[in-house]
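K.L.:
Those sequence lines, one after another, are chains X and L.
Per this note's numbering, the first sequence starts with residue 1, numbered consecutively.
Per this note's numbering, the second sequence starts with residue 1, numbered consecutively.
Do not rely on the hints blindly, as some may be mistaken.
Any copy, or any two copies together, can satisfy a pair, since identical chains are not distinguished.
Straight line, CA to CA, 25 Å or less: simulated DSS-like cross-link-like pairs of lysine-lysine [claimed, not checked]:
{"no.": "1", "residue 1": "81", "residue 2": "101"}
{"no.": "2", "residue 1": "82", "residue 2": "101"}
{"no.": "3", "residue 1": "18", "residue 2": "82"}
{"no.": "4", "residue 1": "81", "residue 2": "18"}
No lab work stands behind these hints: they were computed from the structure.
These numbers were taken from a predicted model, which means no experiment stands behind them.
Protein chains: 2
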Amino acid sequence: MFADTPAPPYYAVTFTSKHSENLDGYAGELEHILAIATRQPGYLGIETARGDDGLGITIVYYDSLEAIDGWRNNADHMEVKKKGRETWYDGYRLRIARVEKDSSFNR
Amino acid sequence: MFADTPAPPYYAVTFTSKHSENLDGYAGELEHILAIATRQPGYLGIETARGDDGLGITIVYYDSLEAIDGWRNNADHMEVKKKGRETWYDGYRLRIARVEKDSSFNR
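So that you can see chain X by itself, here it is in the shape it has in the complex (with noise of 0.2 Å):
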């Protein structure tokens, strides 16, 4: 659902992603690479959606971009973005940016 995240600024990694027809493994390896960016020290939050096509956007929050660091070097990540690149994705995209501004609307 939505990420609950302060008033900026802080960070977003935004993976936009387009899955491949190898999927074996996949669930379980994103489970694990979920939890290890959720317990990243900064974490502030998560959205995802994947669409009939293929194409994901996942958005991660963190505080500051140490936090990032920490996450983008954890050796775990970096295997599992080993196994993304030979079999789940035929394409990514990957951004760090610095949120400046928001606005939320709840019904």
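Assemble the complex: chain X is given as a structure, and chain L must be docked to it using the hints.
P.N.:
Frame of chain X, contents of chain L only:
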């Protein structure tokens, strides 16, 4: 699909939204509003995904905050935003972020 953005820095507008059960008129207005977004000077690209649970993420990339302000202040945009709050969305989060680093993979 993926947005072919230039080297950072550039800006991302992330829009995470939860559909309501009433999407009357949504498809036509979405097309209209996306046409405005993509014609805005400074537009760099768009990525979008919506899952079966009704949660969607759209990221629109622009070259500057000025370009984003142009889009936010567009009269048609403001009108559609009102309809979105009244009808199509149970909630949303909008964030404006400065992309500082990126990387990509293509098989």
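K.L.:
Each hint: holds or not?
P.N.:
Okay, the hints, checked on the actual structure:
1. 81 to 101: between (30 Å within a copy, 18 Å between copies)
2. 82 to 101: Close across copies (20 Å), not inside one copy (34 Å); limit 25 Å.
3. 18 to 82: within (15 Å within a copy, 32 Å between copies)
4. 81 to 18: For residue 81 and residue 18, only the intra-copy Cα distance (14 Å) is at most 25 Å; the inter-copy one is 29 Å.
Consistency with the previously given hints is maintained throughout, with no hint failing.
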